[in-house]
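J.: Sequence:
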Amino acid sequence: MLTDTQLATLRAALDRIIPPDDFPGAWEAGVGDYILRQLGGDLADQLETYRAGLDGLDYEALAASGRPFAELPAEAQDELLRRIERGEAQSPWPVDAADFFRMLCEHAAEGFYSDPGNGGNRDGVAWRMIGFEVRG
671 MLTDTQLATL RAALDRIIPP DDFPGAWEAG VGDYILRQLG GDLADQLETY RAGLDGLDYE
731 ALAASGRPFA ELPAEAQDEL LRRIERGEAQ SPWPVDAADF FRMLCEHAAE GFYSDPGNGG
791 NRDGVAWRMI GFEVRG
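Just add 670 to wherever you are in the sequence shown, counting from 1, and you've got the working numbering.
Where hints are given, some of them may not hold.
Said to hold, decoys possible - Simulated restraints on C-beta separations:
| no. | residue 1 | residue 2 | range |
| --- | --- | --- | --- |
| 1 | E776 | I800 | 14 to 22 angstroms |
| 2 | D703 | E745 | 23 to 31 angstroms |
| 3 | F802 | S761 | 16 to 24 angstroms |
| 4 | A746 | R772 | 31 to 39 angstroms |
| 5 | M671 | E776 | 36 to 44 angstroms |
| 6 | A733 | G794 | 34 to 42 angstroms |
| 7 | I800 | G736 | 36 to 44 angstroms |
| 8 | G711 | D769 | 18 to 26 angstroms |
| 9 | E741 | P764 | 19 to 27 angstroms |
| 10 | R737 | E698 | 38 to 46 angstroms |
| 11 | R772 | P690 | 36 to 44 angstroms |
| 12 | L717 | A779 | 15 to 23 angstroms |
| 13 | G711 | D691 | 38 to 46 angstroms |
| 14 | A768 | L732 | 32 to 40 angstroms |
Just so you know, these hints were derived from the structure itself, not from any lab. No experiment lies behind these values; they were computed from the predicted model shown. We treat Cβ as the ideally placed atom computed from N, Cα and C, and that holds for glycine.
Construct the entire structure; sequences and hints are all you get.
T.: As structure tokens, then:
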């Protein structure tokens, strides 16, 4: 579905959007699993956008630093993502950079806070973090 490089970029980006702290970050919480599951199902029409957006993120990192996004230090990843969010991409992208970043953030939040049965929020970690108690 995604290349190894695209997966590495996805993992790095997700862990900057929802970084680990006292609780797991996005990747450890299963957000990547959630997104991949959705891209194989309900979001299948967005698979090419994901491929293009992840490639664009890598192109942007390579143009700025000569290194792929996943290999940049966290601070450099954060700065690059802030530029993308502001619509200040420095290199040509195959999709709109800011739109891709917004979509990725939305899907990250969905995967992090959704029902664990959807593939993310592994073991209800996000629910525990916010004090949500499952009843029923």
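J.: Would you mind marking each hint as holding or not holding in the structure?
T.: Hint check results:
{"no.": "1", "hint": "E776 to I800: 14 to 22 angstroms", "result": "18 angstroms, holds"}
{"no.": "2", "hint": "D703 to E745: 23 to 31 angstroms", "result": "27 angstroms, holds"}
{"no.": "3", "hint": "F802 to S761: 16 to 24 angstroms", "result": "41 angstroms, violated"}
{"no.": "4", "hint": "A746 to R772: 31 to 39 angstroms", "result": "21 angstroms, violated"}
{"no.": "5", "hint": "M671 to E776: 36 to 44 angstroms", "result": "19 angstroms, violated"}
{"no.": "6", "hint": "A733 to G794: 34 to 42 angstroms", "result": "40 angstroms, holds"}
{"no.": "7", "hint": "I800 to G736: 36 to 44 angstroms", "result": "40 angstroms, holds"}
{"no.": "8", "hint": "G711 to D769: 18 to 26 angstroms", "result": "22 angstroms, holds"}
{"no.": "9", "hint": "E741 to P764: 19 to 27 angstroms", "result": "21 angstroms, holds"}
{"no.": "10", "hint": "R737 to E698: 38 to 46 angstroms", "result": "23 angstroms, violated"}
{"no.": "11", "hint": "R772 to P690: 36 to 44 angstroms", "result": "23 angstroms, violated"}
{"no.": "12", "hint": "L717 to A779: 15 to 23 angstroms", "result": "20 angstroms, holds"}
{"no.": "13", "hint": "G711 to D691: 38 to 46 angstroms", "result": "30 angstroms, violated"}
{"no.": "14", "hint": "A768 to L732: 32 to 40 angstroms", "result": "19 angstroms, violated"}
Hint check: violations occur at hints 3, 4, 5, 10, 11, 13, 14; the rest are consistent with the structure.
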